[in-house]
Amino acid sequence: MNHKINLIGNKYNYFISKVLIVAISFLIPQFSLAARVAVTDSGTDFSHEWLKDKVLINLSEISGNLVDDDRNGKVDDIWGWNFVDDYRKVFFPEHLNVVDEQMFKIFEVLSRIQAETATEEDLLYWKQNIKDLEGDEKAAIISRLNFYGQYAHSTHCSGIITAISPNSKILSNRVFPDTPPDTSSESAQLFSKGIEKKKTGVADIFYKVLAAISNGTFQKVADYIGERKIDVANYSLGMSLQTMARLALSVRGVKAPTPEQVSEETKRVAAQYEPVGKKWMASASNTLFVVAAGNDSSDNDKLPVFPAVVRAENAITVAASKGNSSLASFSNFGINSVDIAAPGVAIRSSVPSKDHNQLLPMSGTSMATPYVVGVAANIKDLNPKLTPSQIKLILMSTVDIKEWLKTKVISSGVVNPQRAYLAAEKSATMSIDESIAYARTQVKDLPEVKSTVLKEKLNSISSANSESLAEIKKEADSLVF
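Numbers 1 to 481, taken from my numbering, label the letters of the sequence shown in order.
It is worth saying that the hints were derived from the structure and are not from the lab.
Beta carbons are placed, not taken as given, at the ideal position from N, Cα and C, and that holds for glycine.
Accuracy of the hints is not assured; some may be wrong.
Below, a list of computed lysine to aspartate or glutamate pairs in the DMTMM-like style, where the Cα atoms sit at most 25 Å apart [what the hints assert, rightly or not]:
{"hint": "1", "residue 1": "K127", "residue 2": "D433"}
{"hint": "2", "residue 1": "K220", "residue 2": "D122"}
{"hint": "3", "residue 1": "K255", "residue 2": "D223"}
{"hint": "4", "residue 1": "K385", "residue 2": "E434"}
{"hint": "5", "residue 1": "K444", "residue 2": "D433"}
{"hint": "6", "residue 1": "K169", "residue 2": "D301"}
{"hint": "7", "residue 1": "K255", "residue 2": "E227"}
{"hint": "8", "residue 1": "K406", "residue 2": "D445"}
{"hint": "9", "residue 1": "K354", "residue 2": "E94"}
{"hint": "10", "residue 1": "K279", "residue 2": "D301"}
{"hint": "11", "residue 1": "K426", "residue 2": "E313"}
{"hint": "12", "residue 1": "K131", "residue 2": "E108"}
{"hint": "13", "residue 1": "K220", "residue 2": "E274"}
{"hint": "14", "residue 1": "K138", "residue 2": "D178"}
{"hint": "15", "residue 1": "K385", "residue 2": "E425"}
{"hint": "16", "residue 1": "K105", "residue 2": "E471"}
{"hint": "17", "residue 1": "K105", "residue 2": "E137"}
{"hint": "18", "residue 1": "K354", "residue 2": "D53"}
{"hint": "19", "residue 1": "K229", "residue 2": "E313"}
{"hint": "20", "residue 1": "K406", "residue 2": "E313"}
{"hint": "21", "residue 1": "K354", "residue 2": "D299"}
{"hint": "22", "residue 1": "K278", "residue 2": "D299"}
{"hint": "23", "residue 1": "K278", "residue 2": "D355"}
{"hint": "24", "residue 1": "K255", "residue 2": "D301"}
{"hint": "25", "residue 1": "K138", "residue 2": "D122"}
{"hint": "26", "residue 1": "K105", "residue 2": "D136"}
{"hint": "27", "residue 1": "K220", "residue 2": "D68"}
{"hint": "28", "residue 1": "K89", "residue 2": "E227"}
{"hint": "29", "residue 1": "K89", "residue 2": "D70"}
{"hint": "30", "residue 1": "K169", "residue 2": "D100"}
{"hint": "31", "residue 1": "K127", "residue 2": "E101"}
Derived DEER-like restraints, expressed as beta-carbon distance ranges [what the hints assert, rightly or not]:
{"hint": "32", "residue 1": "E313", "residue 2": "I57", "range": "25 to 35 Å"}
{"hint": "33", "residue 1": "G73", "residue 2": "N97", "range": "48 to 58 Å"}
{"hint": "34", "residue 1": "K229", "residue 2": "D445", "range": "32 to 42 Å"}
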């Protein structure tokens, strides 16, 4: 997670990029209903070929008349709402003027490195265009990569949902701008003044202030989600509470905190955020909130991330896997706080472009989250009577159990769409438990596919070159969106 209110995503291109083909030809049940999905993110480009027919249109509004026809306080909220600027425009195509073809090339190469399928040409390209750059030149291109990663984030997540659940209709909630937030914001000033007191009690008060400010937006979004009767909400975003905790400790004079001190302080921060988070999730009780676990390679039980920290009956937190073969190297986890894993490495999906047809691979728990959203939407379509907690139960109880997840996520497994769909279908005539048990006997685990191309390269070259290659992989893995 790289941003103040952070996008979670970007890492891996391997057979999972074929998820689009698999989704269309195999994983998608055929039904006539359309689940209502919200993507709370950076704003979706609905002019993309994949998404132009997927909008959840507000039929209570008349487009362009500048009148609040449905009297919900939002004028012309046809496709969603921009909660950053408090008006109807959720996507800014003019920002494409700063995007060039090099960005697309770098993302392709980046994902192949992350997926461990990079060619010699890919590695040379990365070395010449990223790794060997210095100073301002390197900073500038990394800044452009981060910008486009954030700008494209919502569109990419929406495309994954569409690939898995093509009948779903999508609402876009824009909750952060395409440029870095203002570090001199009121909340930052309040926090700084508070922790200068160097008193635990005072710091707790300012944590609450920060929580109230941050959650104010989330509460408005949740109210809107409830108003629009959303079935499943995608939250591929988060705030690093660990960063905030380290700052507090530093100002108090703890210059080299132990892991235990950081964990304790992070949990104190989380204790102020979680109750308010539970409140806004409860205000949309008919919606399943699907939340990304984060991309810090850390244990959320010890270092909570918001809103992944919120434990609610209508919320499910998602880690990222490399297909069905391993936990993604960047993914957060937590045996008491992360529910399920889903493919999240090098997922190819829609991104903004001038031709409205560009696809790029990205990686992260941000990509795993819409995968689960798409499956959840299909479950809802198969049995509209299912509640959010029942959909969550089906998702978690129909996973492919993996030894490498038994100490990482609550369900111990990776989502199995076909098994979940069968359980959902049978739940119309059986109890939930019976339908899950039946589906587990009928649907096999998905095959594991492992990529060893980069590892083989590491084993076949000299020690010096091996170190260089490992550095390239580490650098690529740090670029998550």
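Holds or violated: are the alpha carbons of K89 and E227 at most 25 Å from each other?
Within the cut-off at roughly 19 Å; holds.
K255 and D223: Cα distance at most 25 Å?
Measuring from Cα to Cα gives roughly 41 Å; hence the hint is violated.
Quick one, are K127 and D433 close enough, alpha carbons at most 25 Å?
53 Å, violated
Need the status of pair K220, D122: alpha-carbon distance at most 25 Å?
The hint is violated at about 44 Å.
Taking only the CA atoms, is the gap from K354 to E94 under or equal to 25 Å?
Holds: K354 and E94 sit about 10 Å apart, inside 25 Å.
Take a quick look at whether K169 and D301 sit within 25 Å of each other, Cα to Cα.
34 Å, violated
Pairwise hint evaluation, D178 against K138, where the allowed Cα distance is 25 Å at most:
OK: K138 and D178 at ~20 Å, within 25 Å.
Take the C-alpha atoms of K220 and E274, compute the straight-line distance between them, and say whether it is at most 25 Å.
With a Cα-Cα distance of about 16 Å, the restraint between K220 and E274 holds, given a limit of 25 Å.
Can the restraint linking K279 and D301 be considered satisfied, given a maximum Cα separation of 25 Å?
With Cα atoms ~21 Å apart, K279 and D301 stay inside 25 Å; holds.
Has the given pair, K255 with E227, been kept, meaning a C-alpha gap of at most 25 Å?
Roughly 47 Å between the alpha carbons, so the hint for K255 and E227 is violated.
Are the Cα atoms of K444 and D433 separated by 25 Å or less?
Distance of about 18 Å is within 25 Å: holds.
For a C-alpha distance cap of 25 Å, please report whether K89 and D70 respect it.
17 Å, holds
Comparing the model with each numbered hint stated earlier shows that hints 1, 2, 3, 6, 7, 21, 23, 30, 33 do not hold.
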